[in-house]
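Novice: Fit chains B and C to the known structure of chain A by using the hints.
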Amino acid sequence: MTNSQKLSVNDLAEMVGGRVIGDGSQVVERIANLDTADESEIAYVDSKKFFDTARNSKASCLIVPVDAGGEFKSSAVIEVANPKLAFSIVGAALNPAKRRDAAIHPLASISPTADIDSLAYIGPHVAVGDYSHIGPATRVEAGVVIGDNVSVGSGCVIHPNVVLYDGVSVGNNVILHAGVCIGADGFGYVRDRMGYHKFPQIGTVVIEDDVELGAHTCVDRAALGRTRIGRGTKLDNMVHVGHNCDIGERVVIAAQTGISGSVVIEDDAVIGGQVGFGDHTRVLSGAIIGSKAGILPGKIVRPGVWWGIPIQPLDEYKRLNAHLGRLPQMRGELKDLRQRVKELEDRINKNQQDKSK
Amino acid sequence: MTNSQKLSVNDLAEMVGGRVIGDGSQVVERIANLDTADESEIAYVDSKKFFDTARNSKASCLIVPVDAGGEFKSSAVIEVANPKLAFSIVGAALNPAKRRDAAIHPLASISPTADIDSLAYIGPHVAVGDYSHIGPATRVEAGVVIGDNVSVGSGCVIHPNVVLYDGVSVGNNVILHAGVCIGADGFGYVRDRMGYHKFPQIGTVVIEDDVELGAHTCVDRAALGRTRIGRGTKLDNMVHVGHNCDIGERVVIAAQTGISGSVVIEDDAVIGGQVGFGDHTRVLSGAIIGSKAGILPGKIVRPGVWWGIPIQPLDEYKRLNAHLGRLPQMRGELKDLRQRVKELEDRINKNQQDKSK
Amino acid sequence: MTNSQKLSVNDLAEMVGGRVIGDGSQVVERIANLDTADESEIAYVDSKKFFDTARNSKASCLIVPVDAGGEFKSSAVIEVANPKLAFSIVGAALNPAKRRDAAIHPLASISPTADIDSLAYIGPHVAVGDYSHIGPATRVEAGVVIGDNVSVGSGCVIHPNVVLYDGVSVGNNVILHAGVCIGADGFGYVRDRMGYHKFPQIGTVVIEDDVELGAHTCVDRAALGRTRIGRGTKLDNMVHVGHNCDIGERVVIAAQTGISGSVVIEDDAVIGGQVGFGDHTRVLSGAIIGSKAGILPGKIVRPGVWWGIPIQPLDEYKRLNAHLGRLPQMRGELKDLRQRVKELEDRINKNQQDKSK
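Chains A, B and C, in that order, are what the protein sequence lines are.
In this text, residue positions in the first sequence follow the numbering used here: the first is 1, and each later residue adds one.
In this text, residue positions in the second sequence follow the numbering used here: the first is 1, and each later residue adds one.
In this text, residue positions in the third sequence follow the numbering used here: the first is 1, and each later residue adds one.
It is possible that some hints are incorrect.
To be verified - The calculated DSSO-like cross-link candidates involving lysine-lysine, where the alpha carbons are at most 27 Å apart (straight line), are:
hint: 1; chain 1: A; residue 1: Lys335; chain 2: B; residue 2: Lys335
hint: 2; chain 1: C; residue 1: Lys299; chain 2: B; residue 2: Lys84
hint: 3; chain 1: A; residue 1: Lys355; chain 2: C; residue 2: Lys350
hint: 4; chain 1: C; residue 1: Lys355; chain 2: A; residue 2: Lys355
Claimed, not checked - Derived contacts from chain A toward chain C, CB cut-off under 7 Å, selection only:
hint: 5; residue: Gly143
hint: 6; residue: Tyr189
hint: 7; residue: Arg193
These aren't lab readings, by the way, just hints derived from the structure by calculation.
Since the structure is predicted, the reported quantities are computational estimates derived from the model, not experimental observations.
Beta carbons are placed, not taken as given, at the ideal position from N, Cα and C, and that holds for glycine.
The following block holds chain A by itself, in its conformation from the complex:
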């Protein structure tokens, strides 16, 4: 939910490095879907499939690929190389993120040793522990709990009821959605006759710049050392990241994926939802793992598209599935062959009996 701005087509085109065709002085107020966009709204099209819809759109302005050609009903068109990207930039400009005036709410509880930047916002019922630092232009929304010795950079949005355990470090321009939990103890125990002893979980967590974590995602602290979420990485809701994981830069992980301890995911990997990683697996840069896949402990996942439980290259998975689909036919063929071999045996036996008569 954001506050809306009004901007001219020319302004927007400049932002996205696009070429204006038509009336660039027009004012745009809102982004909209292609099929519902109306006056004062801007929409985008990037697939030929929707060019017809686009040509008849009532939107005041359309963002189109450079090869779109032809006539549009809209009174202005912006040509760009990547319309979806341009639309995202325009959307951010028309709907700037919520701003809060710098303040510390009187119902917040701030340690006297905490260092809150004078340009930060601290909402009601927030707790900040000893020696923690909150950077400028960071919003800490209601109910957030920040432990001792935590560092949060500048320009962050910490949504309600997030919990940052002691010693955790969060970079700049990080977005943590509601209920995110960073730095809970990793899941490590040693068994003896009496039961389980906790293995020490005294490491930390480092969240680098430009990371966004979805609602209720949990990143556990390292046993020793650190758990890391690399710069520009985006995690969806309810992702579990175990202790000592090292998630690289610009990694994308969809909802409800679970990552066991000491997993390494290299830069730019793409991971689907509900995937499960055994401990000590390593995903190389260039790997794409489909939703619901399962990766056995210690596995190295090479570049390419992977699928299934346990994972295999998508091509092999499809081939195996094709074989599976032919199982009924194979059984039919087997039955037929048994019958024919039996007949052959009978005929040969009969032949030889005839001869030996």
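Specialist: Chains B and C only, in chain A's frame:
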């Protein structure tokens, strides 16, 4: 946890439209399981398998199907068409939901522009943002965070630490369990050379009347437009609902199921736990999807029972599994046939050599 | 995150019942990984694979197995039967759990009828309801919400934003990580023509001594009776435990596993991550269930290692997988046999035609 009431068998029978056999003036205080029910307690039986247990129950009152017949030790019996439903109604009557006197706790933080009905309860450490509305007879428990421009209807129970982002709309008689998160940004990005740009997530979420969401369930806001949970729909714990989903009325979804963006689930569908939906799938009314199933993006799921990853009709799944179970036997048969064909070939070759001598 | 202590090698050896070789008077300040350990640090080795690394470690002290033999560069070595266990004990001694002075924060909201032990710590923005009890030396961190009639024992750590619903009981020395939710309503409804009626969820939850629950784990209250987590049991993050489950003692369950209603898991069972249990299953003591497994409702899981969806003994699963891997070869063999049988048939037919000429 509820406060208990005392009611007579006659009163209860009237509530559920049942016929009393025995002493209707008796007082019932508690609901109980059939096998442990004792004096002042009421239990139910709906399966012939448990009729013997029921006949010997010490419960003061039993709810039984109309065709139960025979003798019961209980001094009163209520005959109804659907004993489990009647028991649920009786249970609600004997254990009315917790009530809070209307009040705004002094440790709550309420925007001066918020509109809190005089009959609502607002607990400690609750935050309510600008221009938000809370309806009559709604309980907002401790630690709940309600953003700006949120609307919550009447008769709702918002359990502790729920988060409603800006602009979200919640109907009447909705129950949101602890930690529910409504309206976090959907998971949408556009990639360029530098990394990921956020695709605008400026839509909203609409939760209709009589919905119940389990603990920690997350419903993301739409990119544009709205994400919807239809009237009377029930979601279990930790369900993830992505942006722009449209979940119909009276849908049931078990725990930890994950629903990607733009999925449509029509009225009355039944979905198991840990199911994963690819984006843009559509589940038609009448479909039942088994636990742990996986649905590929764009799939249309027709009425019937579905199972597996990727989903297939349960019958086909069972047939395939039967084929799989016979794989060892098939290999045995193949081996046997190879041997027999070899022998046939040898005999024929020998025959022909003999002849050609 | 913990405060660090300094202790001598002799002190540490005594704690773990180990034998000191070398300079026992040395002071150790920190635990460390074998490969990075340096002066004033202690590390452990328990696998021959790492003996070489260990012999060259710069750690001031090493914990080694009794049969390690040979020379170590470290100036002190502690020989023990179970090095990892000893290291855990040493780690706990060097990093004692955070302590809070007994206090009730002025921004907490405590019912006048609640009974808070004078040695308990209650953080800011905590709510405690009527007639609830908090035991001595228990820490209740910021934002925790405790309902009415809740009992929490001694020596517990209740991390931020945990929610304990009315009537829940928590034993001694229990650790509940951030966002844990105990006692939300179970997921039970009865369908009639109009929609779903809530089946009564008026039972409770009992968490026994020495339990640890990971961040965001949810344990639902029983419909009637109780849901139980047995003594010494450890659950990872985001585990879902349905109503009326009975989880025994010293059970270990990894992250994101989902347990439907009325499941029984006996003592000492070990369960992987993302496992799904159908309702009314029973896992016998001695069973080990691999990650991502699926268990059909009502199944009894016997001792041994189990795997797959639906689960089967690991050996059978491997055998079936081996058969599956040979499917392409089987199809090849079938094709070959069809060809050879065809040839045999042709030859025999030709033979007989020749003879009948």
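Novice: Now tell me if each hint is right for this structure.
Specialist: These are the hints, each one checked on the structure:
Taking the CA atoms of lysine 335 of chain A and lysine 335 of chain B, the gap is about 13 Å. The hint holds against a cut of 27 Å. With a C-alpha separation of about 24 Å, the suggested pair lysine 299 of chain C and lysine 84 of chain B falls inside the 27 Å cut-off, and the hint holds. A distance of roughly 17 Å separates the Cα atoms of lysine 355 of chain A and lysine 350 of chain C; the hinted pair therefore holds under the 27 Å criterion. For the proposed pair lysine 355 of chain C and lysine 355 of chain A, the alpha carbon gap of about 12 Å is at most 27 Å, so the pair holds.
For the restraint placing glycine 143 of chain A at the interface with chain C, the shortest Cβ-Cβ distance is roughly 6 Å, inside the 7 Å limit, so the hint holds. Because the smallest distance between the Cβ of tyrosine 189 of chain A and any Cβ of chain C comes to about 6 Å, under 7 Å, the interface hint for this residue holds. The criterion of a C-beta within 7 Å of any C-beta in chain C is not met by arginine 193 of chain A, whose closest approach is roughly 10 Å, and the hint is violated.
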